[in-house]
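Given only the sequences and the hints, what does the whole structure look like? Please build it.
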Amino acid sequence: MESTLVMVVKSIVIFAFILQIVPLILLLERKLLGRFQSRIGPNRVGPKGLMQPLADVFKLLSKESSSPDTAVPWMMAIAPVISIFTAVATLAIIPFGPFNAWGGEFGLYGIDVSIGLLYFFAFGSLGFYGLVLGGWASGSKYSFLGAMRAAAQLISYEVALGLSLLGVAMTAGSLSLVDIVEAQDGMWYVVPQFVGFCIFMVAGFAETARAPFDLPEGDAEIVGGYNTEYGGMRFGSFFMAEYIEVIVISGIAAACFLGGWHGPGPVALAPLWMMLKLMAGVLFFIWIRASLPRLRYDQLMSFGWKVLLPLATLNVLVTAFVLVAT
Amino acid sequence: MTPWDPEKDVVQVDRGPEPGGVGAIYRVFGETLRGLRTTFGRVIEGPVTVEYPEEKTPVYPRFRGRHKLHRFEDTELEKCVGCSLCAAACPAKCIRVVAAENTPEHQVSAGERYAEVYEINMARCIFCGYCEVACPFDAITMGNDYELADYSRSDLIFTKEMLLADPPEATPLRREGE
Chain D
1 MESTLVMVVK
11 SIVIFAFILQ
21 IVPLILLLER
31 KLLGRFQSRI
41 GPNRVGPKGL
51 MQPLADVFKL
61 LSKESSSPDT
71 AVPWMMAIAP
81 VISIFTAVAT
91 LAIIPFGPFN
101 AWGGEFGLYG
111 IDVSIGLLYF
121 FAFGSLGFYG
131 LVLGGWASGS
141 KYSFLGAMRA
151 AAQLISYEVA
161 LGLSLLGVAM
171 TAGSLSLVDI
181 VEAQDGMWYV
191 VPQFVGFCIF
201 MVAGFAETAR
211 APFDLPEGDA
221 EIVGGYNTEY
231 GGMRFGSFFM
241 AEYIEVIVIS
251 GIAAACFLGG
261 WHGPGPVALA
271 PLWMMLKLMA
281 GVLFFIWIRA
291 SLPRLRYDQL
301 MSFGWKVLLP
311 LATLNVLVTA
321 FVLVAT
Chain A
1 MTPWDPEKDV
11 VQVDRGPEPG
21 GVGAIYRVFG
31 ETLRGLRTTF
41 GRVIEGPVTV
51 EYPEEKTPVY
61 PRFRGRHKLH
71 RFEDTELEKC
81 VGCSLCAAAC
91 PAKCIRVVAA
101 ENTPEHQVSA
111 GERYAEVYEI
121 NMARCIFCGY
131 CEVACPFDAI
141 TMGNDYELAD
151 YSRSDLIFTK
161 EMLLADPPEA
171 TPLRREGE
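Chains as they are written, first to last, in the working numbering: chain D, 1 to 326; chain A, 1 to 178.
Below, a list of computed lysine-lysine pairs in the BS3-like style, where the Cα atoms sit at most 25 Å apart:
1) Lys31(D) <-> Lys59(D)
2) Lys63(D) <-> Lys141(D)
3) Lys31(D) <-> Lys56(A)
4) Lys56(A) <-> Lys48(D)
In case anyone wonders, no lab produced these hints; they're calculated from the structure.
The following block contains the structure:
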């Protein structure tokens with residue numbers, strides 16, 4: 001069992017880690033998006049544009065936080081907090097290595113909750129309250145439309161997301177992410193649960209509200225959606241929460257399907273493998289964003305209900321039959 | 001000529017597959033992969049950006065940019081004789097020429113008269129090149145420089161001295177076959 005001190009240190013490390021990695025991913029995304037579009041990407045601030053995220057943050061910090069007359073200011077203020085809190089909280093359960101990987105009585109994860117996946121679903125759904133509340137409290141039409149879209153998207157995809165991970169949970173016989181990764185010692189679950197993996201990735205994109213499922217934002221048609229009326233660091237918090245969500249979904253995908261920390265070499269290298277798989281997931285997110293256009297609203301709904309949900313249910317049924325038969 | 005036959009007058013229309021159905025899922029998957037391949041191809045090709053202030057796109061020799069006034073290379077006399085044909089040809093009325101008589105002590109051009117004032121208002125110039133065509137002595141030609149931005153309108157009125165001097169920064173010329 002871990003001491004309280006170890007837990008405190010771990011939570012600080014995780015928080016610092018996210019704060020450091022989000023600007024990096026931001027820069028990576030802008031650079032890569034540029035390459036995907038035959039551009040160079042930002043290269044003016046600092047050598048090779050490395051200081052760009054710093055400049056972005058300074059710009060956001062120096063902006064005024066305004067709100068419209070029709071807004072509910074205190075709700076508007078807590079919406080980004082909810083968004084970023086739920087995103088960071090989910091990161092606590094992503095395992096980067098087993099217990100005792102680096103010697104000492106601690107595991108390389110924030111906390112190993114026995115209901116790991118449920119915890120992830122709970123905070124994932126709570127995260128949408130940030131968008132819905134923020135959009136509604138802004139008191140403007142476009143924000144409201146964005147909030148409605150966020151709500152509709154949540155109910156369309158949350159079920160498929162849950163069902164896609166159910167197959168993994170059944171095969172591993174546990175909801176704890178650490179147990180799930182340990183169960184993948186022989187074979188990564190991406191092989192037996194390939195359909196589940198595909199469904200999880202699609203639903204994961206919807207969960208993070210990123211392209212091609214960035215309907216709550218929809219900058220082309222609803223001017224930024226739920227964050228239309230946000231400025232300054234409140235907007236920055238929404239932005240950061242989105243990127244942390246990307247890390248979380250990539251991390252869960254890596255842990256549940258791609259074998260987590262398993263890889264060649266000694267067990268002390270576990271976090272390296274996990275990080276590599278996580279970053280591969282992030283790269284995939286960026287790649288998809290560069291490639292696919294935003295879905296139409298009705299397409300999104302019908303895809304969620306008519307395709308993903310039956311497919312996920314079928315996947316769970318087949319997995320259950322196979323598990324019982326063998 | 002054969003008479004019009006409505007049976008044969010058919011417009012060929014290529015329609016995409018009907019939306020929906022199991023085939024649609026399959027197609028969406030395939031098209032997604034195709035899209036991913038397309039964008040990845042761009043990464044392999046590398047960026048096509050020309051980083052402008054640092055590197056300039058070369059122009060063709062016929063490119064009509066900032067004007068130049070010329071002198072005779074041997075005698076250093078100005079070619080312009082102040083005939084104002086360029087000003088007459090200019091559709092934007094941006095050239096102003098005031099002519100003056102040459103004297104033996106003060107010989108500026110090869111002819112009887114010279115341009116005492118020769119101004120081109122670059123804010124108005126449309127770079128049509130008619131002045132170049134109108135000039136009987138090839139005294140004014142269009143150069144290749146296009147970086148003419150300035151902070152005030154009065155700075156954009158180029159005087160004779162500015163037009164006679166070489167432009168401060170040469171624009172790269174496109175080589176043969178480039």
